[in-house]
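Residue numbers are given in the numbering used here: position 243 of the sequence shown equals residue 245, and the series is strictly consecutive.
One or more hints might be untrue.
Unchecked claim - List time: in silico DSS-like cross-link candidates among lysine-lysine, alpha-carbon distance up to 30 Å:
id	residue 1	residue 2
1	Lys214	Lys253
2	Lys111	Lys81
3	Lys139	Lys40
4	Lys218	Lys139
5	Lys40	Lys70
6	Lys218	Lys81
7	Lys214	Lys99
8	Lys81	Lys252
9	Lys139	Lys252
10	Lys214	Lys70
What the hints assert, rightly or not - What follows is a list of derived Cβ distance ranges for each label pair:
id	residue 1	residue 2	range
11	Arg155	Gln64	34 to 44 Å
12	Gly189	Lys81	18 to 28 Å
13	Arg145	Asp77	45 to 55 Å
14	Gly277	Gly50	41 to 51 Å
Calculated from the structure, these hints are not laboratory results. Ideal Cβ placement from N, Cα and C applies to all residues, glycine included.
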Amino acid sequence: MREFPLTLNRFIIQSQASHQGATGEFSGLLTQIGLVGKLISEDLRRAGLINILGTTGDTNVQGETVKKLDAIANDDFVKVFQHSGYVCALASEEMEKPISMPGNWPQGKYMLLFDPLDGSSNTDNNMPLGAIFSVLKYDRADRLPTEGDMIRRGTEQVAAGYLLYGSSTMLVYTVGQGVYGFTLEPGIGEYLLSHAQIRIPDNYLYPGEVDKPEGKLRLLYEANPLAFVVEQAGGKASTGTSRIMEVEPKKLHQRVPLIIGSRLDVEQAEAYIQGRA
Numbered sequence: 003m004r005e006f007p008l009t010l011n012r013f014i015i016q017s018q019a020s021h022q023g024a025t026g027e028f029s030g031l032l033t034q035i036g037l038v039g040k041l042i043s044e045d046l047r048r049a050g051l052i053n054i055l056g057t058t059g060d061t062n063v064q065g066e067t068v069k070k071l072d073a074i075a076n077d078d079f080v081k082v083f084q085h086s087g088y089v090c091a092l093a094s095e096e097m098e099k100p101i102s103m104p105g106n107w108p109q110g111k112y113m114l115l116f117d118p119l120d121g122s123s124n125t126d127n128n129m130p131l132g133a134i135f136s137v138l139k140y141d142r143a144d145r146l147p148t149e150g151d152m153i154r155r156g157t158e159q160v161a162a163g164y165l166l167y168g169s170s171t172m173l174v175y176t177v178g179q180g181v182y183g184f185t186l187e188p189g190i191g192e193y194l195l196s197h198a199q200i201r202i203p204d205n206y207l208y209p210g211e212v213d214k215p216e217g218k219l220r221l222l223y224e225a226n227p228l229a230f231v232v233e234q235a236g237g238k239a240s241t242g243t244s245r246i247m248e249v250e251p252k253k254l255h256q257r258v259p260l261i262i263g264s265r266l267d268v269e270q271a272e273a274y275i276q277g278r279a
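Please build the complete structure, drawing on both the sequences and the hints.
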């Protein structure tokens, strides 16, 4: 008899049971992220057949040309979470301002920040794409969150992770207790645990440049959530001079240099950047 695979839902429920007083709201949020991954995965699979490749003709807040898939993926995140009751605010790389849930809609106690589709230009050559997300907690009940409430250090994240779309669809996330990866089994429509307690193998550099010392990656949507995941996997994430998750953000779409990977390799890169090597 084959062993019954551990599904994402079952894993989340088991994790919830170990937290006294858990309401299930956070578990529901993680489950909905999995749903977004299924929707976007299906969009990507059929993209060449339903005319959703190419650009929309618009420019986003980053000054980048918006691709149709960027807009569709962003809409998927917004539509799934707007009425979910799990979040009170959404912020996206594709939107200039955050979205707060109207007062007559269900209000959750979490704020979700995300890059809905990273690497959308890869659709031109069938390369992998992804989405990155960060979850913050909002404890005030007297008012809706503002943009300023979402501009926080990475150390305040309660969860972070990414969706990866390629030969298979994966959801990888951490809540500060290790990193776990789930692969979507399309035959049954479920994410199955495929990578437990992921550890970091090597490094990735996206440093600042002479003409762009601030770097390219967005701190709140990309660098912070990836730093949280990598640190939980035993690695390190740095600007070259400081820990990514301790950078004090000043604005919603702030950029930052990123050196991320194994602790030894990142520390070696820091030594070169700081003139100590």
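Hints, one by one, checked against the model:
| no. | hint | in the structure |
| --- | --- | --- |
| 1 | Lys214 / Lys253 | holds (17 Å) |
| 2 | Lys111 / Lys81 | holds (18 Å) |
| 3 | Lys139 / Lys40 | holds (25 Å) |
| 4 | Lys218 / Lys139 | holds (26 Å) |
| 5 | Lys40 / Lys70 | holds (18 Å) |
| 6 | Lys218 / Lys81 | holds (28 Å) |
| 7 | Lys214 / Lys99 | holds (24 Å) |
| 8 | Lys81 / Lys252 | holds (28 Å) |
| 9 | Lys139 / Lys252 | holds (19 Å) |
| 10 | Lys214 / Lys70 | holds (27 Å) |
| 11 | Arg155 / Gln64: 34 to 44 Å | violated (22 Å) |
| 12 | Gly189 / Lys81: 18 to 28 Å | holds (26 Å) |
| 13 | Arg145 / Asp77: 45 to 55 Å | violated (27 Å) |
| 14 | Gly277 / Gly50: 41 to 51 Å | holds (49 Å) |
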